[in-house]
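Protein chains in written order, with our numbering: chain A, 1 to 89; chain B, 1 to 418.
Where hints are given, some of them may not hold.
Unchecked claim - Covered stretches of chain A (chain B as the covering partner; in silico rule of three or more C-beta atoms under 8 Å from a C-beta of chain B): (1) 1 to 15; (2) 25 to 31; (3) 36 to 47; (4) 60 to 67.
Said to hold, decoys possible - To list a few chain A residues with every Cβ distance to chain B over 12 Å, as calculated: (5) Arg70; (6) Ala79; (7) Arg81; (8) Leu82; (9) Ala83; (10) Pro85.
Calculated directly from the structure, the hints in this document are not laboratory data. Beta carbons are placed, not taken as given, at the ideal position from N, Cα and C, and that holds for glycine.
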Amino acid sequence: MLRIPCPHCGERDFTEFRYGGDASKIRPRHDSTDARAWQEHVFLFDNPRGPHREFWQHVLGCRQWLVLERDTATNAVGAARLARPPELP
Amino acid sequence: MPSRYSALALARHALTGKPWARAWRSADPKPSYDVVIVGGGGHGLATAYYLAANHGVRRVAVIERAYIGSGNVGRNTTLVRSNYQLDGNTQFFEHSLQLWEGLSHELNFNVMLSQRGQVVLAHGPSQLDVLARKGNIMRLNGIDAELLARADVMRLLPYLDYSPTSRFPIHGGLLQRRAGTVRHDAVAWGYARAADALGVDIVENCTVTGFTRDGDRVTGIETTRGAIAAGRTAISVAGHSSQVAALAGLRLPVESHLLQAFVTEPVKPFVDHVISFGAELFYISQSDKGGLVFGGHIDGFNSYTQRGQLPKVQSVAQCAVALIPGISRLRLLRHWAGIQDMTPDGSPFIGRTPLRNLYFNGGWCYQGFKATPAAGWCLAHTIAHDAEHPLNRHLSLDRFERGNGFDEYGYGLWTYRQ
Chain A
1 MLRIPCPHCG ERDFTEFRYG GDASKIRPRH DSTDARAWQE HVFLFDNPRG
51 PHREFWQHVL GCRQWLVLER DTATNAVGAA RLARPPELP
Chain B
1 MPSRYSALAL ARHALTGKPW ARAWRSADPK PSYDVVIVGG GGHGLATAYY
51 LAANHGVRRV AVIERAYIGS GNVGRNTTLV RSNYQLDGNT QFFEHSLQLW
101 EGLSHELNFN VMLSQRGQVV LAHGPSQLDV LARKGNIMRL NGIDAELLAR
151 ADVMRLLPYL DYSPTSRFPI HGGLLQRRAG TVRHDAVAWG YARAADALGV
201 DIVENCTVTG FTRDGDRVTG IETTRGAIAA GRTAISVAGH SSQVAALAGL
251 RLPVESHLLQ AFVTEPVKPF VDHVISFGAE LFYISQSDKG GLVFGGHIDG
301 FNSYTQRGQL PKVQSVAQCA VALIPGISRL RLLRHWAGIQ DMTPDGSPFI
351 GRTPLRNLYF NGGWCYQGFK ATPAAGWCLA HTIAHDAEHP LNRHLSLDRF
401 ERGNGFDEYG YGLWTYRQ
């Protein structure tokens, strides 16, 4: 069982979470009209075999979005932090 | 050259005790080929076979990292069918099913196609309407489809849960009699043997480490067994498409996920069709050895581990028991996970790439096995003519940037939902 260390709730089964994809992608500016940049952001994936930074939402817990470090080759889980910048309320 | 398999040959070998010749040569890579196919799975081997058989391209090599049949061609639930409703998919998968129907004779290798029929169940009137529409689309394309009322399903599949308390009451279904199962290992071996007989080199234990390029043109590959020049190169490595494409500098609309399949202990024959549950993604059939073979959704997050997560074992088993309560005491004998390319629209890619003389086949989501013959057939055509066949024109790699996502199930473009 994949276990995710939630900063609020502690270590929980991954079934309490919703997977949210690659967290290392940088979203184009909202008013960007660069179609290629949007295409790359929405549709293309690095899909690495190895270290991966990814979003998870703790839907059956604190409901916060997290960024988790995980190795896709072994499923070994590293640190998790809140996805929102810490200075925000 | 291996001898032709026949009843006569069987009798001759039985009487003389003469050992059978090996089914294909163990080839060492030559310095150059007309076409190099990266990936010795079902699709790669089929591509090599159709290049040689249909297009007369004989200087072909299939480069496999491990051994033939070690990947997804041996990690599926062996189902074949052609009940698809989007124009393009309907014809492609019907072409595949027709190739399956002639495959044992064409390859002179018994792939044990068993057209036992597949029933997709409807658990409400609106779902039955959707199946009626799909059945009509199939019939308009000359494909067999029969809409079943609840009473028909009860006669055909008496062992399902028809009790008044069933969580998902069965309202009817859609039957395709020509659908069924195939012995998956035989597909890899049959294509390998037939391709080898036409002069294709099958190189096992050879890992691709890079592509050689001249500007935007791919001129060959680098491997752990030396460099190989190639007129044209194709990638067909489902599960590791992103890694191999990255060696050529390409980023793909693909994420790798785990799909699990399950086999129970063997029991007497009783599931005589392929059955698809309508309330969840779940499909079940019974193998010739008696084990019930079934599968469900992907695990839900990207991974290359080839080891599934236990919660999915539980939810798939729940589907099995909701559908057929009588199997609740059966024990699981084996389960395994294949690495599956998931794409944003749930449809695969067969076609050219931004690099000249490089072709890509992958992104098969749940449908790779049943597509094996048609995928190889279309990829071979695309390589031989440097142009897509009408059957795979809708599966181009650049369809998202052109706004032409191809979403059979209408989920919307969301990779880990498909």
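So, going through the hints one by one against the coordinates:
1. 1 to 15: Holds, because 5 residues of the segment 1 to 15 of chain A bring their Cβ atoms closer than 8 Å to Cβ atoms of chain B.
2. 25 to 31: violated (count 0)
3. 36 to 47: holds (count 9)
4. 60 to 67: Since 0 is below three, the answer is violated.
5. Arg70: Since the minimum Cβ distance to chain B is about 8 Å, A/Arg70 lies within 12 Å and the statement is violated.
6. Ala79: Non-interface label stands for A/Ala79: nearest chain B Cβ at 17 Å, farther than 12 Å.
7. Arg81: 18 Å, holds
8. Leu82: 19 Å, holds
9. Ala83: Check passes; 16 Å lies beyond 12 Å.
10. Pro85: 24 Å, holds
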